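A.B. asks: Sequence:
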Amino acid sequence: MKLHDLNEDVLIKVLSYCDVYTVLCATRVNKHVRAIALAKQLWISLLRDLRSRGLIELAPGEDFQTQTTSHRRGQTYRLRAENMDLVLPSDTEARDCAAV
1 MKLHDLNEDV LIKVLSYCDV YTVLCATRVN KHVRAIALAK QLWISLLRDL RSRGLIELAP
61 GEDFQTQTTS HRRGQTYRLR AENMDLVLPS DTEARDCAAV
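For the record, in the sequence shown the residue sitting at position 47 is 47 according to full-length UniProt numbering, with numbers rising by one throughout.
By construction, these hints were calculated from the structure, which means they are not laboratory data. Nothing here was measured: the structure is a model prediction, and the numbers come from that model. Built from N, CA and C at the ideal position, the CB exists for glycine as well. Mixed in with the good hints there might be a few duds.
Estimated spans, in silico, between C-beta atoms of each pair [claimed, not checked]:
(1) E57 / R34: 14 to 20 Å
(2) L3 / G74: 41 to 47 Å
(3) I44 / N7: 28 to 34 Å
(4) L24 / R51: 14 to 20 Å
(5) H4 / L24: 16 to 22 Å
(6) I12 / D63: 15 to 21 Å
(7) K31 / L58: 30 to 36 Å
Use the sequences and the hints to build the structure in full.
C.D. replies: This is the structure in structure tokens:
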């Protein structure tokens with residue numbers, strides 16, 4: 001079975017177990033996977049996970065469901081690297097991601 005043969009819901013579920021960097025790499029695979037990797041429900045799941053780990057905060061009364069895509073994306077960009085248990089990608093890793 002090929003990646004593009006999988007149901008969209010299955011791909012979203014698989015990507016929901018990935019970290020933000022991996023999901024962003026997936027956006028470079030092809031148009032189909034990009035659309036899935038940028039799905040609202042996937043990013044809500046990713047942000048909820050980050051929030052549960054104390055890496056991002058929501059303002060009182062704020063909800064991931066009602067945020068715009070650009071606002072949700074901005075939250076991931078504002079993550080402080082010292083709170084992440086990841087190594088920031090080097091140029092080599094970025095090229096590897098682009099080759100996926």
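A.B. asks: Do the Cβ positions of E57 and R34 conform to the proposed distance bound of 14 to 20 Å?
C.D. replies: About 29 Å separates the Cβ atoms of E57 and R34, which means 14 to 20 Å is violated.
A.B. asks: Is the hinted range of 16 to 22 Å satisfied by the C-beta distance from H4 to L24?
C.D. replies: holds, 19 Å
A.B. asks: Given the range 41 to 47 Å, decide if the beta-carbon distance of L3 to G74 lies inside it.
C.D. replies: The hint (41 to 47 Å, Cβ to Cβ) is violated, given that L3 and G74 are roughly 29 Å apart.
A.B. asks: Given a hinted range of 15 to 21 Å, is it respected by the beta-carbon distance of I12 and D63?
C.D. replies: The hint (15 to 21 Å, Cβ to Cβ) holds, given that I12 and D63 are roughly 20 Å apart.
A.B. asks: Using the Cβ atoms, figure out if I44 sits within 28 to 34 Å of N7.
C.D. replies: violated, 19 Å
A.B. asks: Quick one: are K31 and L58 within 30 to 36 Å, going by C-beta?
C.D. replies: holds, 32 Å
A.B. asks: Is the distance from the Cβ of L24 to the Cβ of R51 consistent with 14 to 20 Å?
C.D. replies: Since the Cβ atoms of L24 and R51 sit about 18 Å apart, the hinted range of 14 to 20 Å holds.
The structure is inconsistent with the numbered hints 1, 2 and 3, although it conforms to all the rest.
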